[in-house]
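**Q** All chains, please: the whole structure from these sequences, using the hints.
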Amino acid sequence: MKALVFVSILWAFSFGIIKGELTGIAPSLVSALRLLLCALVFLPFISFTTNNKLSVQLLLLGALQFGVMYWAYISSYQYLPGYLVAVFTIFTPMYVFLIDGLMSRRVNLQQMLPILLSIAGAAVIVFKAPNSDAWLVGFIILQGANLAFAAGQVGYQRISKAYSTDHTNNMSIMYIGAAIFMLIIVLVEQSYVGVSDITNRQWLVILYLGIIASGVGFALWNYGAKQVNAASLAVMNNAYIPFAVIFALTLFNEHADIARLALGTSLIAASAWLLSKQQVQKASE
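Counting in UniProt numbering, the sequence shown runs from 1 upward without gaps.
Bear in mind the hints are in silico, worked out from the structure with no lab data behind them. Predicted, not measured: the structure shown is a model, and the values here were computed from it. Treat the hints with care, since some could be wrong.
Computed list of lysine-lysine pairs in DSSO-like fashion (alpha-carbon distance at most 27 Å, straight line) [to be verified]:
hint	residue 1	residue 2
1	Lys161	Lys53
2	Lys2	Lys277
3	Lys161	Lys277
Pairwise CB distance ranges, derived in the manner of DEER restraints [as the list claims (entries may be wrong)]:
hint	residue 1	residue 2	range
4	Leu207	Gly101	38 to 44 Å
5	Ser104	Leu251	39 to 45 Å
6	Leu204	Arg260	30 to 36 Å
7	Ile9	Ala134	26 to 32 Å
Where is the CB? At the ideal position from N, CA and C, for every residue including glycine.
**A** Shown next, in the form of structure tokens:
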């Protein structure tokens with residue numbers, strides 16, 4: 001549990017840092033550099049004995065779960081303050097639940113309640129707020145990131161059941177797939193021309209995000225996940241959000257309608273609680 005708490009705090013800094021330091025750089029370039037660094041961190045763990053079919057699946061899955069996710073996630077900062085990016089990432093577990101249910105053909109109206117409640121919470125925060133039009137665009141882009149990450153998790157779960165392989169090796173291949181995907185996007189968009197404009201301070205932020213937040217963070221998270229039960233892990237998946245909101249509003253001097261934020265976040269948190277309760281019930285059946 002200590003490892004999960006540490007990583008939650010580690011990740012919470014990312015939202016304010018990205019908004020404050022990197023929004024002037026092309027999202028595809030930031031994503032590519034972050035994923036390339038992360039791939040380099042995991043490179044020593046690659047095993048070349050993985051069969052070709054599995055390797056291709058992992059490369060494609062990495063491109064979706066991490067490549068598309070980071071690209072859309074970083075892009076959302078062009079429209080949203082850091083604390084809202086943090087709040088709106090809470091939808092990911094709900095998408096995991098919904099996608100898994102659709103693929104397993106087990107979705108019912110009761111399972112839709114947490115999703116509807118979370119949408120209501122998001123509406124409270126955004127409705128008639130300053131820059132609400134831009135926030136709506138950012139919200140939609142961020143949901144693309146959440147969906148990509150959710151679909152990747154469901155896909156990886158199914159791959160894990162089909163193949164008996166080393167998790168760290170799988171992650172290494174997935175990050176390479178993600179890095180390759182984003183490098184292709186950078187070439188298509190020609191955003192690589194912005195590399196020369198990155199300041200030393202911004203390079204330090206990118207190094208932190210790629211090596212520490214992603215590389216070390218995911219490794220510690222996977223270690224901590226083995227030490228707790230499923231219910232605790234479900235709760236910890238969203239534990240970084242209150243830290244991220246607090247850091248964004250204090251350390252990074254972002255401004256928010258506190259009453260609206262508190263009410264909307266409470267609704268979203270309630271939806272997450274309902275979802276985790278449903279998952280526990282489902283696991284016990």
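**Q** None of the hints should be skipped; say for each whether it holds.
**A** A quick look at each hint next to the structure:
1. Lys161 / Lys53: Answer holds: lysine 161 to lysine 53 is near 15 Å, not above 27 Å.
2. Lys2 / Lys277: 23 Å, holds
3. Lys161 / Lys277: 24 Å, holds
4. Leu207 / Gly101: 38 to 44 Å: 39 Å, holds
5. Ser104 / Leu251: 39 to 45 Å: 42 Å, holds
6. Leu204 / Arg260: 30 to 36 Å: This hint holds: roughly 34 Å between Cβ atoms.
7. Ile9 / Ala134: 26 to 32 Å: 29 Å, holds
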